[in-house]
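Chains as they are written, first to last, in this note's numbering: chain A, 1 to 715; chain B, 716 to 1020.
Worth flagging that the hints you see were computed from the coordinates, not collected in a lab.
As the structure is a computational prediction, the values presented were derived from the model and not from experiment.
Check each hint, because a few of them may be wrong.
Below are the DSS-like pairs computed for lysine-lysine, each with C-alpha atoms no more than 25 Å apart in a straight line [unchecked claim]:
no.	chain 1	residue 1	chain 2	residue 2
1	B	970	A	45
2	A	30	A	45
3	A	426	A	489
4	A	30	A	2
5	B	738	B	784
6	A	45	B	966
7	A	111	A	143
8	B	966	A	30
9	A	160	A	143
Okay, the calculated beta carbon distance ranges per label pair [claimed, not checked]:
no.	chain 1	residue 1	chain 2	residue 2	range
10	B	876	A	25	34 to 42 Å
11	B	819	A	30	19 to 27 Å
12	B	992	A	13	51 to 59 Å
13	A	705	B	992	38 to 46 Å
14	A	705	B	874	33 to 41 Å
Glycine included, each C-beta is placed from N, C-alpha and C at the ideal position.
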Amino acid sequence: MKFANPLFLLGLLGMLVPLIIHLWRRRKAKVIPFGAIRFLLQSEKATRRRRRFWEYLLLLVRMLAIGAFSLALAAPYRMESIPSLALGSEQNSLALVLDDSLSMRRDRSGKSLFERSQNSASSLLNQLPDYDYVGMVFPASGKEIPLDKNREQLRAALQKIQPGFEKARMLSALSRAEQMLSRSGSLSKKIVVFTDLQKESFSDQAVLEHFPGEIYFYDLSGRNLDPNYTLGPVDLNRISGSGEESVKVLARVYNFSAQDQEARLNLSLGGQVISRGTAAAKSWASADKSFLVSLRENFSAEGKLELENRDSLDMDNLSYFHLRGGGRVKALIVDGSWSREPLSRGSYFLERALNPRLYALSRIDPEVVSESGFAQTDLRNYQVLILADCRILDQAEADRIKNFVSNGGGLLIGLGNNVDADHYNKLLGDLLPREIRELKISFAGAEGKSELQPLHLDSSFIADPGRHPILSPFASAKGADPAVANFYKYFMFYQELVPRSRVVLKLADGTPMLLEKSFGSGIALILASTLNQDWNDLCIYPSYLPIFYQASLYLARSLFDIGAKGARVGDQIELTLPGEKTSALVKSSRGAELRLSPEKEGGQGKIRIPRLEEPGIYYFWYLPGPEPRQEGNADFILAVNSDPTESDFRKISVKDLKKLVLADQVYVQSEENLKTPEDRGKTSLVKKPYHHGFLLGLIILLGMEILLLARSGWE
Amino acid sequence: MTGPAQSQEALEVISRLHDLELKAREIAEGALIGLHHSRHRGSSVEFSEHKPYTAGDEIRMIDWKLFAKSDRFFIKQFEDETRIQSYIVLDASGSMAYAPGNQPSKFEYGRTLAAGLAYLLLGQGDAVGLAVIRDGKMEWLPGRSGERHFKALSEFLVRTKPEGETKFAPVLFDLVSRFKQKSLVIVISDFFDPELEVEKSLKLARHRGNELAFFQVLTREELEFPFSQLSWFEGLEGEGRILLEPSQLRKEYLKLIRGWQEQLERVGQELLADYQLFRTEQNPAQILSGYLLRRSLTARRARPR
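Work the whole structure out from these sequences, hints included.
Okay, structure coming up:
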């Protein structure tokens, strides 16, 4: 037993104090002459043994308590010997595993943990004799430096490595290190791990074999009492319905520390802070804060959410997202049942849904023409064409429509009394998602079983937010349920599989109601019923407006794209190239560009995106594509953020670690213990303090003292 | 002893004598209810009761008038109004010297009590004797009556100093055996007999039909043991000293001393003797008066003999 503060051992003399007090009290005792001494002597005799026992016990407890206290202050420790890494005689093969995860960027007294582990590793390199082989494995980036004797090369490689933003996959790194060593011929094999022993790092699924050697874990975490917060991925929700569009930005703050904290958040869009807020995050819990962002026309911006609270790891206090949206949309409505009476027009409700004028701001400018007027209009001025109950006069007119769509225009066809199914099938042909069949009629007042009931839309389709962008407003909207509308009369379609087509809405009995087909560069939508009140009463319900407003924006490819796909740092992502595209280009928000070529797989162009190493916004264009490339016209945008669990610095216990890692010997010790470079002997000594035992003893003794005093009080 | 010292002592004795006389008078007046009605049946005037005639009774004692009325023989009994003899036995052992604080020692208290009793008894015309037992030896004044005898008694009392062990047994019997007639024996002591012979000696005193009363004198300290600090307790009869933490012993001690009192009381009942506790902080006259009142109430109830 050795002592860190041996001076406090003088306190052991204090053990004599209760004894001295005891004797002093005897000396100081007064003499009292007493008549009834006979009874005193008798009672003294009767209680002598019991009294002595308790008296001496109390004296002993007091002496021991003082002794335990001074021993605890003297901080006893013993030296425990641990085999030194720098063995002298035989040749060693060492695999160094340097944790390069995001958490290693954490600051510890002026240096990042990774810098510390770099220093430790290079001092280890200096210690090792020249004939030892050393290789390196990096658990987060997956990089490796094979076994080598050349110290200069190893040192240079070590200095080049920087910690990333990813999580460490510690178990698979250990397994790689084992494989690396298994190829070496050395007799003595060792794995040396420099890590912060973060619990999360050991959650990967690699299966470890028993390693025939020693594994040394050097813990760099130190005493971690600093607060730490992080932001989870931003959740975006469109709030729409009328013309105006806005987005709810939901931020989630994680508090990985023992004290509650009010997180201060800044929301910036396009580099400008547009909103601030706070969220009260309880310790070891998360808190949400939502912001409402109103979207303007022609809009594409990188969004950033920042935590103002400083902590030991600043990298994770930032979360990226992206918002973009198109400009004004011109829509041409061809009304096949044009009339002077507005309510009997086929387009009356539609025109108002696309632009309610006085009631809300709309990005759509609808223009209504009769079928005869359609011949004179120049379709190049419009992005969306809507045919409301049109006859379609001849093949020329049909070709004009097809041309418009294949060049990127959007088409919405509403059927009605003027439509002849055979005529449509013949003229429009492959523009239609399905071939139109006969008409089906049911009556609103029908009662008998033989008569048909009006049908509603299938609500399961509507409630599914990922089903179709047109339906996205209904995922969260209350009171705007399209499923309440009645459909009395509609065309049926042939059940067949048509490539590049899908059903958007269907009736409760499964009859398709709204169908979509990609045609050339454009999209065609067809509604099996009328766009006005003739065959259904959808137009009198609040859901009518968002459906057709969204549909028009969708056809014009002008929906706000809030779905900039979220990804985690380190994710592997695959893209499928659209038919006529040959390659893709990715540009990060920092400006780096990378051209990606497809690997031909079964005729389909698939692009594998390399590991996304840094958080940020990534833009993808399919090539050949629009020139000049702007962020606004990217085909695909990715918002990449780091994994919030990486900021949870809680450590794995040594017990759990030894359960996971199987080897001849597993040593876990603090990084400081590596700094015994001159000790080339068989072992190095490590301090093991054990003053806690004495403190515990002291507490127990004080408890006993209280019990003893209470007992004599009862007597 | 020579000159001034002697006169100094004499002066002290005189002043203490005077003091004792005053106190005795005080007690006697405070407690003045007839101490006793003589139980000795004499041939005097005062009629007490009738008893059926049995063979051996004196013929002259037959109440003829009653015979005429009832046709049976009854013997007239009279109370003896002649002087009776009382002996006051005062314990002067070392333990009686115990005097806590400013209070009088048990001995002083006992002495005052003895003087008061003597005054009272002499005032009734009884003969009063006094015995002081000290360290197993006895000094005594034989019983006499009269005012002048009180002077002798008080002088004797004042000159006595307590010392030695409490030992009743040998001397008490010696004393009792010298009595020519049945007497009232009043023992004043703390009854801290180390050899537990008190009971035996009291039984001896009761022997030969003597009437017995014993007054136990104790201090509050002895009865309640109110000490709290670690102290040496020293015996007054040469038992040595002992270091004690009073709180640890109090319970046991109080149990013992109560037990002892109970035992004395029981002995009193067995011997048909009166037991009375005197606490030194209490006025002796008051206790005595209470005792006498009780006694006068029970006196007429049948005590055999």
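Hints and how they fare:
Restraint check: the Cα-Cα separation between residue 970(B) and residue 45(A) comes to about 14 Å, which is no more than 25 Å; the hinted pair holds. For a cut-off of 25 Å, the pair hint linking residue 30(A) to residue 45(A) stands: about 21 Å separates their Cα positions. Taking the CA atoms of residue 426(A) and residue 489(A), the gap is about 22 Å. The hint holds against a cut of 25 Å. Between residue 30(A) and residue 2(A) the CA atoms are separated by roughly 46 Å; this puts the pair beyond 25 Å, and the hint is violated.
The hinted pair formed by residue 738(B) and residue 784(B) fails the criterion: a straight-line CA distance of about 54 Å is larger than 25 Å. With a C-alpha separation of about 13 Å, the suggested pair residue 45(A) and residue 966(B) falls inside the 25 Å cut-off, and the hint holds. At most 25 Å may separate the alpha-carbon atoms for a hinted pair to count; residue 111(A) and residue 143(A) meet this at roughly 23 Å. As the CA atoms of residue 966(B) and residue 30(A) are separated by approximately 21 Å, the hinted pair is consistent with the 25 Å bound.
For the hint pairing residue 160(A) with residue 143(A), the CA-to-CA distance comes to about 12 Å; that is within 25 Å, so the pair holds. Range check, residue 876(B) to residue 25(A): Cβ separation about 35 Å, and the 34 to 42 Å hint holds. For residue 819(B) and residue 30(A), the hinted distance range of 19 to 27 Å is satisfied, since their beta carbons lie about 22 Å from each other. Remark: the range hint 51 to 59 Å for residue 992(B) to residue 13(A) is upheld by a beta-carbon distance near 54 Å.
Between residue 705(A) and residue 992(B) the CB atoms are about 42 Å apart, so this pair conforms to the stated range of 38 to 46 Å. For the hinted restraint 33 to 41 Å between residue 705(A) and residue 874(B), the CB-CB distance of approximately 57 Å leaves it violated.
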